[in-house]
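Heads up: the protein sequence lines correspond to chains A and B, in order.
Per our numbering, the first sequence runs over residues 1 to 405.
Per our numbering, the second sequence runs over residues 1 to 170.
To be clear, the hints were calculated from the coordinates, so they are not data collected in a lab.
Hints are supplied without guarantee of correctness; some may be wrong.
[Stated by the list, open to error] Subject to a maximum C-alpha distance of 27 angstroms in a straight line, what follows is the list of computed DSS-like cross-link-like pairs (lysine-lysine):
1) A:K254 - B:K52
2) A:K254 - A:K17
3) A:K390 - A:K17
4) A:K178 - A:K154
5) A:K71 - A:K254
6) A:K262 - B:K52
Here is what each chain is made of, one letter per residue.
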Amino acid sequence: MSTQPSKNQENPLPLMKIFYGLTAAGFLIFITVALVGNPARAWQAYLLNFLFFSAIAQGAVLFSALMHTVKARWSGPLTDVAESFTAFFPVSLVLFVILFLGQQHIFPWLHEDLHGKEVWLNVPFMFGRDLFGLCLLYGLGLTFLYHRLYFTLKDRGASGPFGRWLLARWDQHPPDEKRLASRMTVFGILYLLAFALVLSLVGYDLVMATDPHWYSTLFGAYTFVKAVFIGFGALIVLSSILHLSSRNGYHVEKNQFHDIGKLFFAFCLVWADFFYAQFVVIWYGNIPEETAYVIERTMAAPWNVLAWTVFIGCFIAPFLILLNRRIKTMPRAMTVICLAVMAGIWLEHYLLLGPSFHHHAQYIPLGWVEAAVAVGFFGLLAAAVTIYFKQFPELLVSRQEQLID
Amino acid sequence: MPADTVSIMGIFSSEQRAALAIDGLRETPWIIEQVYSPIPSHAIEHALEPPKSRVGWFTLAGGIIGFFTGFFLAAFTSLRWSLIVGGKPVVALVPFFIVGFEFTILFAVLGNVLGLISQARLPRFETPAHYDERFSGDRFGVLACCSEDEQDELTRFFETNGAEIKTNDV
Chain A
1 MSTQPSKNQE NPLPLMKIFY GLTAAGFLIF ITVALVGNPA RAWQAYLLNF
51 LFFSAIAQGA VLFSALMHTV KARWSGPLTD VAESFTAFFP VSLVLFVILF
101 LGQQHIFPWL HEDLHGKEVW LNVPFMFGRD LFGLCLLYGL GLTFLYHRLY
151 FTLKDRGASG PFGRWLLARW DQHPPDEKRL ASRMTVFGIL YLLAFALVLS
201 LVGYDLVMAT DPHWYSTLFG AYTFVKAVFI GFGALIVLSS ILHLSSRNGY
251 HVEKNQFHDI GKLFFAFCLV WADFFYAQFV VIWYGNIPEE TAYVIERTMA
301 APWNVLAWTV FIGCFIAPFL ILLNRRIKTM PRAMTVICLA VMAGIWLEHY
351 LLLGPSFHHH AQYIPLGWVE AAVAVGFFGL LAAAVTIYFK QFPELLVSRQ
401 EQLID
Chain B
1 MPADTVSIMG IFSSEQRAAL AIDGLRETPW IIEQVYSPIP SHAIEHALEP
51 PKSRVGWFTL AGGIIGFFTG FFLAAFTSLR WSLIVGGKPV VALVPFFIVG
101 FEFTILFAVL GNVLGLISQA RLPRFETPAH YDERFSGDRF GVLACCSEDE
151 QDELTRFFET NGAEIKTNDV
C-alpha cells in the first residue's frame, strides 16, 4: 500500500514495519483505555472497528466469488487483488473471539428484562452461532481461494514459501482440473450464500440487538449490502494504489476501472435503496417502538448531524460525482471518493451503535479512542494483505507481460 | 456544397480496411461526408473520432424534469382532496420522493429515446442517392468529397486501400 511511487526498487518501503507499528499503537491505546481509562468506550470502539474492517474483507472477497460464479472475463487483475483480502479472515476470526472478553460493555441488553427474547439473545448461544457462522463463511472463502490459487499459480508460478509449498503439493498429487474447476464454482456460490446469511446474522446480533427492543426485518440485508459497498470501495482503493505504484508490474486497464467504478456506483444506490426501503415502512407504520430508533438517530440532536453527514457523504455526493463517466476511469480520483465513502460508512456504523451505548448524549461522543482503535485495525488489515502479496508476488506481475513470456 | 466538388464513394469489404481508409483520409484535406456500416463497429468509431454524443444531456434533462413532474403530480393530486390520513401531512415528502424517483427513471428513459431520435435525425424516409443496398448487408461505405481536379487522386487513394469505387453526379 505504498502511496508514494518510487523508482527505487532496491530499497523497498518498510511496509510491514509501518503496519505492525500502527497495529501496535492501536493495540496499546486500546489496552490502556480498556484497563485504566474507560473500558466501555474501548470495547465499543473495538466492536465498531471489528465490524467495519471485517465487512471490508468479506465484501472484497465477495467480488472474486461473484465474478467467478457469473464467469465474468473483464475483471482479471481486480479479482487477484480482491482475493488478497482473504488474508484478513483468520485475523478477523481471532478478533471476534477476543470480543468475548468485552461482553459486559458491548451488550447493553445483558442486564435488561428482555420479555422472552432471552431464548435467542443470550451470550453463549449468540457467541456460539456467530462464531459458527464466521467459521463457515471464512472456511468457504479460504476453500474457494485454495481452488482459485491452483489455476492462478499453475500459470504464473509462486516464489513465496507458502506458494512453493502449494505448488509442490499439487505436483505430487496432480488434481483433476475439471473437478477442481467445478468445485471452485460450487464453493464460490456457497460463499455468496453464506455471505448473505452470516452477515445478516452478525448484523442482527451485534448491531441491531444493541437496542434489544427495536427490530427491523431488513436490517440483515442492509448489513450485507453495506459490506459489499465498502468491500468494493476497498478493492478500488487497493488496486488503484497498486496500479499507480511503479514498484510492481500490476496494471488495470481503463475500461476495467470504469466497470468496477460503475459497480461501486450501483452499490451506492443499492445501499441507499435498502435504507430507504426500511425507512419508508417505518415512517408509514408510525409505531412508537419502531420509530424511536430512527427518530433518535436521524431527527434528534446530536445524532442527526451525523446522520446527514453520512447520507450526504455516502449517497448524495458520490451519486452526483459518479454520474460522470470520466472520473470513474481515473484511479486517483476514485481512491479519494472511495476513501471518503468508506469514512462515511465507518461513521454510519458509529451512528447505529453510538446511541444505544450513550443514552441522552448531549454531544456526539466520538473521539481519539475510536480513531486510534481504527488505526490499529487498519494496520492489521494492511499487514494481512501485504503478507499475502509477499507470499504470492507473481499476482502483481502484469498480465500483459505474462502473455508475452 | 460548391459546384466544383465531387463526392466519391469507396465500398469496402472489410471493417479493418474501411477503418484504415478513414484513418488515411483524415490526414488528407479531403472531407469525409458519410460512413456506412452494416454493424456497430468500434474500429470505425475509433478511426472517425466523432464528437461526444449529446444524447446524455437529453437523458439528464428528462431525469430532472421527471423528478419534479412526479413529485408535483403526487402533491397536486393530494391537494385536490386535502384529507389528513393517519396523521401524515397532506404533502408528505417521504413517499412522494418515491413517485419522484420513479418518474425520474421514466422520463430519463424517454429523454434518452428522444435524444437518440433527434440526434440521429430519424426518421429518414428517403435514402440518399449515393446509398448502396449492400451497406445493409456485408459492405462498408466511405463517402468523401474533393475538388473536381483531385478526383483521380481520391479514386486512386480508395483503390490502393482496396475499395470498389462508386461515383455520383451530385
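Violated constraints from the hint list, given by number and in increasing order: Per hint list: single violation, 2.
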